[in-house]
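Visitor: Spelled out from the first residue to the last, the chains are:
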Amino acid sequence: MEAIVFFVSAAIILAGGLGVIVLRNPVHAALSLVATLFGVAVLFIDMEAYFLAAVQVIVYAGAIVVLFLFVIMLVGVDKAEDIYAEPIIKQRQFAALAAAGMLILVALVGVAFAGDVTGQPSNEDMTISRAIENPDGTTTPAETSNINQLAEALFTDYVFAFEITALLLTIAVVGAVVLARRPKGDLQPLPDVEPSWALRKPRAVTPTEATDPSAGDDADQDPDETTVDQAATDGAETDEAKA
Amino acid sequence: MLNILAQPPTDAIPTPDVAWSGLMPLLILSGGAVLLLTIVSLAKDFIPRWFTPIYTVLIGIATGVAAIPLWLRVTDTPSAADPNNGPFATLDSSFGVDGFSVFFTMLFAAVVVLVALLANDYLRREDIDGPEFYVLMMLSASGGIVMASANDLIVMFLGLEILSIAVYVMAAMHSRRIESQEAGMKYFVLGALSSAVFLYGIALTYGATGSTNLVEIREFLSNVILLNDALLLAGFALLLVGFGFKVAAVPFHSWTPDVYQGAPTPVVGFMASAVKAAAFAGMLRVFWLTFGSYRTDWQPVIYGLAIATLLVGSFVAIVQTDVKRMLAYSSISHAGYLLVGVQAATNEGTATVLFYLAAYAFMVIGSFTVITLATGPGDAKTSLTDIAGLARTRPVLGIALTVFLLGQAGVPFTSGFFAKFYVISAAADANSYGLAIVAMLAAVVAAFLYLRIMMAIWLDGDEVADPTELAAAKAGIPVPWGAAVVLVVTVGFTLVFGLWPEPMIEMARDAVPALAIG
Chain V
34 MEAIVFFVSA
44 AIILAGGLGV
54 IVLRNPVHAA
64 LSLVATLFGV
74 AVLFIDMEAY
84 FLAAVQVIVY
94 AGAIVVLFLF
104 VIMLVGVDKA
114 EDIYAEPIIK
124 QRQFAALAAA
134 GMLILVALVG
144 VAFAGDVTGQ
154 PSNEDMTISR
164 AIENPDGTTT
174 PAETSNINQL
184 AEALFTDYVF
194 AFEITALLLT
204 IAVVGAVVLA
214 RRPKGDLQPL
224 PDVEPSWALR
234 KPRAVTPTEA
244 TDPSAGDDAD
254 QDPDETTVDQ
264 AATDGAETDE
274 AKA
Chain X
26 MLNILAQPPT
36 DAIPTPDVAW
46 SGLMPLLILS
56 GGAVLLLTIV
66 SLAKDFIPRW
76 FTPIYTVLIG
86 IATGVAAIPL
96 WLRVTDTPSA
106 ADPNNGPFAT
116 LDSSFGVDGF
126 SVFFTMLFAA
136 VVVLVALLAN
146 DYLRREDIDG
156 PEFYVLMMLS
166 ASGGIVMASA
176 NDLIVMFLGL
186 EILSIAVYVM
196 AAMHSRRIES
206 QEAGMKYFVL
216 GALSSAVFLY
226 GIALTYGATG
236 STNLVEIREF
246 LSNVILLNDA
256 LLLAGFALLL
266 VGFGFKVAAV
276 PFHSWTPDVY
286 QGAPTPVVGF
296 MASAVKAAAF
306 AGMLRVFWLT
316 FGSYRTDWQP
326 VIYGLAIATL
336 LVGSFVAIVQ
346 TDVKRMLAYS
356 SISHAGYLLV
366 GVQAATNEGT
376 ATVLFYLAAY
386 AFMVIGSFTV
396 ITLATGPGDA
406 KTSLTDIAGL
416 ARTRPVLGIA
426 LTVFLLGQAG
436 VPFTSGFFAK
446 FYVISAAADA
456 NSYGLAIVAM
466 LAAVVAAFLY
476 LRIMMAIWLD
486 GDEVADPTEL
496 AAAKAGIPVP
506 WGAAVVLVVT
516 VGFTLVFGLW
526 PEPMIEMARD
536 AVPALAIG
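If you read the protein sequences in the order shown, they are chains V and X. Residue numbering for the first sequence follows this note's numbering, beginning at 34 and increasing consecutively. Residue numbering for the second sequence follows this note's numbering, beginning at 26 and increasing consecutively.
Bear in mind the hints are in silico, worked out from the structure with no lab data behind them. Worth double-checking, as some hints may not be accurate.
BS3-like, lysine-lysine: derived pairs with alpha carbons at most 27 Å apart [as the list claims (entries may be wrong)]: (1) X/Lys406 / X/Lys211; (2) V/Lys217 / X/Lys406; (3) X/Lys211 / V/Lys123; (4) V/Lys123 / X/Lys69; (5) X/Lys69 / V/Lys217.
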């Protein structure tokens, strides 16, 4: 029974994960993320971690994915994107090959040696240590709720890990602000540099080439676009300077 | 978590003891970062521009100073007068304080101080305001301290994430340069993948040993003979991939050139020194210290990685034309030398890695200081032709860069020479003669790269030989005070420890890692 639940939920998780990267509509992708997270919750139930399962559904499948959907709709990318451009030739084939190789590797490890989870304590150990000794010498099996066990783990063995997660959250907040904020004020323009897709090619060597945006590697770039962007930025800057 | 299930329920959970003195450097650095964030957000209008970098420098110094009493305590042997001396662990054996972790704490403190001084001028030049850079750098460095002190794989993973996520943001910090954004994005996507692989490795290791605590894992491995160790070895492999990515070992190096080229130059200095050091600290802690009894299984893999890293780093660097890319490949080849020291899997090998990391951190921060100053606004002029004639137009920068390049090439009378010498002799002592020979050959090939940059800055660049232009170039951009301090310190470090390496290598030998229970 446990094995059946495991394989069914594993299939749901993998299908959801695949959906996230394959589906063209971001909303659909976010919804298949729900399938993945839900499958993980089922796995938690399978392992009798009911509290974690509930948290998984409420926090991840509920709150976080809803937040994703909010962002997707607010930013307005809730339509199918053309994801068929290939910056690297045959990248899809390479990616498929790499994914297949990875899967085979994982499958080898997982299937061939599934019986050898060598770190598992023996059943006897578990029963003895989980039992409570009564004053009259008999023992009764321990009955601890999920929440107690979780609290104990978080406040004993993993208390340090639990606390330093705070640093991670601080970084996430600061990082989100830094990346979302646009520079403002009267800024010195940056010198012309070649666009990012020329990163791997050698830089233009002569000064004339470096200053002329239409020369060299970026000949395929639309010159009008650059000018418009430049003008727009300039306009915005002067407006702010006036204000 | 199974050992938790095994405990009988009690009404009050007995919480573990906390040795606050051992946590002090970490608390100062991370608390200092959060405090800076609070101060600046509350009193934004009253705070002068110099406050943030000076504050960061002071916090860095305080972190280093707080580490000194710890160093004296953990490197001493327990005596009747001081029974507490020697390595210890706290928080249920999840945070270890030993010579190794304190050594790295001091190194990260030094890196924070130097990069803060350098970044001050850079951020001003690039019109990036706000304290976020400093906050992220301090938090990232505290992640490094966590990694170097972790006695638990979960703590190690969190340290790795704290370190990396802050650096992803710092790499993308220059919002007006698309290269910076691209670098941040690439680093983030590939780094997230490598973190996932690392986590998978932790899961498999947990399955194989029944614990995430390094002390318990080591006990398990030395007490239990596994008839089928496939799961454990798979865990090793995945953990090694995670670390290999962070140290930029071939074949997990492909992000390095693009990220080094695109990211803001001071961030690159931080990446090349602190991130690499932290990843090697984690690698030594997990592989040498914990999986030491299985060294015959992982040594050959690191042997192969080291050879690939040395060769690719040295040979591919030759054909580059961009200085930042060249230094990226140079940092890959340095990772190769460090792997040579790790592969030795001896106490001496570990000590040589520590010496190498310290020497390299100072040289690489110095190099990127010169690059920051020489490449001008927007990090635009980074090709070899752009910095041609640097030694003639700006002799101070030229001489400093020459020192750093000679150091990285491993020329005698620089700390880089002893760094390379020690790792190679450690490899030879561990009977890895083939690896030692490849490392020496790679040093010769890599020297060509450094010579090429030196040729460019000393001999090329005749077009600026026009006297008026030369005078204008000399008068144009003075060396800002922060960068000047960095240059003096890094050049001094490189030369002093190049002539007299004993204090440093003795310190590295004292910094033996230990897995204490506490």
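Visitor: Would you mind marking each hint as holding or not holding in the structure?
Guide: Do the hints match the structure? See the list:
no., hint, in the structure
1, X/Lys406 / X/Lys211, "holds (22 Å)"
2, V/Lys217 / X/Lys406, "holds (24 Å)"
3, X/Lys211 / V/Lys123, "holds (19 Å)"
4, V/Lys123 / X/Lys69, "violated (51 Å)"
5, X/Lys69 / V/Lys217, "holds (16 Å)"
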